[in-house]
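Visitor: For reference, the chains in residue letters:
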Amino acid sequence: NAGVTQTPKFQVLKTGQSMTLQCAQDMNHEYMSWYRQDPGMGLRLIHYSVGAGITDQGEVPNGYNVSRSTTEDFPLRLLSAAPSQTSVYFCASSPHGTRGGELFFGEGSRLTVL
Amino acid sequence: GDSVTQMEGPVTLSEEAFLTINCTYTATGYPSLFWYVQYPGEGLQLLLKATKADDKGSNKGFEATYRKETTSFHLEKGSVQVSDSAVYFCAQETGGFKTIFGAGTRLFVKA
Chain H
1 NAGVTQTPKF
11 QVLKTGQSMT
21 LQCAQDMNHE
31 YMSWYRQDPG
41 MGLRLIHYSV
51 GAGITDQGEV
61 PNGYNVSRST
71 TEDFPLRLLS
81 AAPSQTSVYF
91 CASSPHGTRG
101 GELFFGEGSR
111 LTVL
Chain A
115 GDSVTQMEGP
125 VTLSEEAFLT
135 INCTYTATGY
145 PSLFWYVQYP
155 GEGLQLLLKA
165 TKADDKGSNK
175 GFEATYRKET
185 TSFHLEKGSV
195 QVSDSAVYFC
205 AQETGGFKTI
215 FGAGTRLFVK
225 A
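Protein chains in written order, with my numbering: chain H, 1 to 114; chain A, 115 to 225.
Heads up, none of these hints are tricks.
Calculated cross-link-like contacts (lysine-lysine; reagent style DSBU-like; alpha-carbon spacing at most 35 angstroms):
# : chain 1 : residue 1 : chain 2 : residue 2
1 : A       : K224      : H       : K9
2 : H       : K9        : A       : K174
3 : A       : K212      : H       : K14
4 : A       : K224      : A       : K182
5 : A       : K191      : H       : K9
6 : A       : K166      : A       : K182
7 : A       : K224      : A       : K174
Because the hints were derived from the structure by calculation, they are not lab data.
Work out the full structure, taking the sequences as your base and the hints as a guide.
Guide: Now the structure itself:
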């Protein structure tokens, strides 16, 4: 049972480079989201999607793009990496994403921007 | 806006001690409340939840009661184990497709 799979687990970038963090889930969940985790700040929502073809912004969307072409995949793109984007990124999914909806998390992707 | 505030850590306890981690929330509606746990090197996983006032969530010896009058959802465990060492996150979800997390509280349990 794979659940939510994130790749890569670790990545080092130089300022200005672009990259994509991949997220895939095999639970047929409609809702998917991306969070970043920074010390002392908990998890902050970057973008989310309630179904294929539908995405919306969270609390900290600047510098990130997402798309949702299939139910299974929800990639996060960094267009021009900055040191402030050094963080641990988590992808999460939920069967409904509405009231009472438990989130299922991937293991995280640690990104360092030099 | 909606927010979650939890006690700062780290919290260090001896094995078999009583644990309380405080959590309060502000919300415009009637949120569902959650505790998630993150073990080293892993993603978060749901520990327990409560969806309405006075509900008690429980799992693995942990408990938390949804207190609307004090806007609180404190996590408790009667006797902690070394294996409970982790980071604990309080969270709320108001039905707007956004789950809001507290800053997290790191727990160390000594043998």
